[in-house]
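A.B. asks: Construct the complete structure from the given sequences, taking the supplied hints into account.
Chains E and D, in that order, give the protein sequences.
Residues 1 to 237, numbered by the UniProt record's numbering, are exactly what the first sequence covers, in order.
Residues 1 to 298, numbered by the UniProt record's numbering, are exactly what the second sequence covers, in order.
Simulated from the structure, these hints should not be mistaken for lab results.
Accuracy of the hints is not assured; some may be wrong.
Which residues of chain D face chain E? A few of them, derived with a C-beta cut under 8 Å, are [as the list claims (entries may be wrong)]:
{"#": "1", "residue": "T51"}
{"#": "2", "residue": "L55"}
{"#": "3", "residue": "L90"}
{"#": "4", "residue": "I92"}
{"#": "5", "residue": "E93"}
{"#": "6", "residue": "I97"}
{"#": "7", "residue": "N98"}
{"#": "8", "residue": "D114"}
Using 25 Å as the maximum straight-line C-alpha spacing, the simulated BS3-like pairs for lysine-lysine come out as follows [claimed, not checked]:
{"#": "9", "chain 1": "E", "residue 1": "K88", "chain 2": "E", "residue 2": "K183"}
{"#": "10", "chain 1": "D", "residue 1": "K99", "chain 2": "E", "residue 2": "K66"}
{"#": "11", "chain 1": "E", "residue 1": "K10", "chain 2": "D", "residue 2": "K116"}
{"#": "12", "chain 1": "D", "residue 1": "K118", "chain 2": "E", "residue 2": "K10"}
{"#": "13", "chain 1": "D", "residue 1": "K41", "chain 2": "E", "residue 2": "K113"}
{"#": "14", "chain 1": "E", "residue 1": "K113", "chain 2": "D", "residue 2": "K156"}
Short derived list, chain D residues pointing at chain E, Cβ under 7 Å [to be verified]:
{"#": "15", "residue": "L48"}
{"#": "16", "residue": "E94"}
{"#": "17", "residue": "E240"}
Quantities reported herein were computed from a predicted structural model and do not represent experimental measurements.
Cβ atoms here follow ideal geometry from the backbone N, Cα and C, with glycine treated the same way.
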Amino acid sequence: MDNQDAERAKIAADADRELTRLWRAWRTVHQMCQDRGYEIGEEEVKISLDDFRKNYTDPSGAPDRKKMTTSFRPTDAMLAKYTAIPTKVEPDPQPQIGTIWIEFSSDASIGIKQMRAFAQHVNQHNFHTGILVTQASITPAALKIIPVVLPSIIETFQEQDLLVNITHHELVPTHELLSAEQKVELLKRYRLKESQLPRIQVGDPVAKYLGLRKGQVVKIIRRSETAGRYASYRWAI
Amino acid sequence: MPHSILKNFSIPNTSASPARSREDRNKETALHHAQILQQRKDVEALILASTEALLELPSSPTANPAQPHPQDISLVKNSLKPFQPSDYDLLIEERNINKLCGYVLCPNSNRHEDTKAKYRILHGKGRGSDSLRFVERQILERWCSDDCGKRALYIKVQLNEEPAWSRGGLSGGEILLLDDERNIQKQLEDDSTLIEKLSSLDMSLEEDEVVARMKALAIERGDEKAPSRSFGLAEVDVRENENLNGKASAPEPSAKEGNANGGFDSIEGYTPKFSSKKMRDSEAGNDEDEDEDMMPTI
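C.D. replies: Rendered as structure tokens:
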């Protein structure tokens, strides 16, 4: 009897540990969406572990990833930021952003089939962006699907990469996406071409966090001992 | 009125055409490279599509991996042609994720070891620790059986290591399945028309085909203007100067023991082989005219 109890306690402890991990990833994803500028209530971001346990577990107490899906709409400020400057050819440009869909995958490994299913779901429900949070790394062949399904944007994260919010680390400076107008202003002020700016890769962890796309410019604000604040700019490639 | 050096109207006319031609050349180069990239992307898309198609094979869930449906065979043979071995590994991985045997023509599910351990110990033939083999569980779980593993790896070794977009016009040979090979061998044993079969299997290339292939290779390299010699080798005409008449007598290698261990008469490690004097005497007088460049040694 003691053995069985010990076994049961061990399983419960494992489930609890996994639940805590998922809770942390869940919070990080919400903070990420908030930082990008989606409409999220403060109580959604700061969900407590108990509330999370109540909502996202199955009767046995293990976390249920199938329940862990959500979607957010962009705020007006975000829409404005993602709208290109009107030109003669296109006097009324549409914002290049829309509803985001977030899903935690319950499959242990992600192959072509799972990725196709996710892409289809994003496409069918007219989501602009889809975020897939996976337990293990995705196969290289499945990653090749991502550029095929454009204009739907698919971003993938691993659970273990979301356990902490990297932007909260003291060595990570503030990154701030510039709107199209701000970018033009910057280039005009410094009399630059955009290719003359320093660069940041779109695969950079912070760039992934902000969902940067090629051609966008971020302003990086660092603390400086002499100047107080120091701003630099990076062109996403 | 003095001529101004600035007002030379002929210059813009002459300089315009080279400028344009340079522009044209730049454009041509850019287009050339863009086309290469596009071709590469096309091939990659094709491989991805083939991978997805091969995930669904075999077409019937009761198919026998040893005797697959002919339609499936031709599909596999055709779609695997642009694959590299690494692409093939990805295909196996994808099939395993879908809980299928890694061999494309096998409908069974792959083995499942009931453990989370990283390695498994297999007992082979023989005794003692030599017979034990330590195998990664993941590798063990790729196939449904050892036979399927053999069949799948038989295909893998036939795939071209070179990426399909840089293979140029050269198409690889036909991919054979392990069972094809076995069937052919069986037929060979049974069949009375052995020679006929052998000739159809003959792998040696005809001379014409060699020339054609060398030409294709030259085009691929970009030096198509170069005349393609029949085997791509420089033609070296070796003529031995055999005539050593009396006055041109090299000093006789004095001792044989010097030859054995690279002694005094070796030239940078190479020991020249002198033919015996007997041979020279017999061949003397055959070709005296080839003696011009010989230094008469005293």
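A.B. asks: Does each hint hold? Answer for all of them.
C.D. replies: Evaluation of the provided hints:
1. T51: holds, 6 Å
2. L55: OK, holds: L55/D within 8 Å of chain E, min 7 Å.
3. L90: holds, 5 Å
4. I92: violated, 11 Å
5. E93: With a closest approach of 6 Å, the E93/D hint holds.
6. I97: I97/D check passes; min Cβ-Cβ to chain E is 4 Å, inside 8 Å.
7. N98: holds, 6 Å
8. D114: Interface hint status for D114/D: violated (16 Å vs cutoff 8 Å).
9. K88/E with K183/E: holds, 19 Å
10. K99/D with K66/E: OK: K99/D and K66/E at ~21 Å, within 25 Å.
11. K10/E with K116/D: holds, 17 Å
12. K118/D with K10/E: The hint holds at about 22 Å.
13. K41/D with K113/E: Satisfied, since the Cα-Cα distance of roughly 21 Å is no more than 25 Å.
14. K113/E with K156/D: Status holds; Cα separation ~23 Å.
15. L48: Holds, because the Cβ-Cβ distance from L48/D to chain E comes to roughly 5 Å (cut-off 7 Å).
16. E94: Holds - the Cβ of E94/D comes within 7 Å of chain E, reaching about 5 Å at its closest.
17. E240: violated, 59 Å
Taken one by one, the earlier hints fail for this structure at numbers 4, 8 and 17, listed in ascending order.
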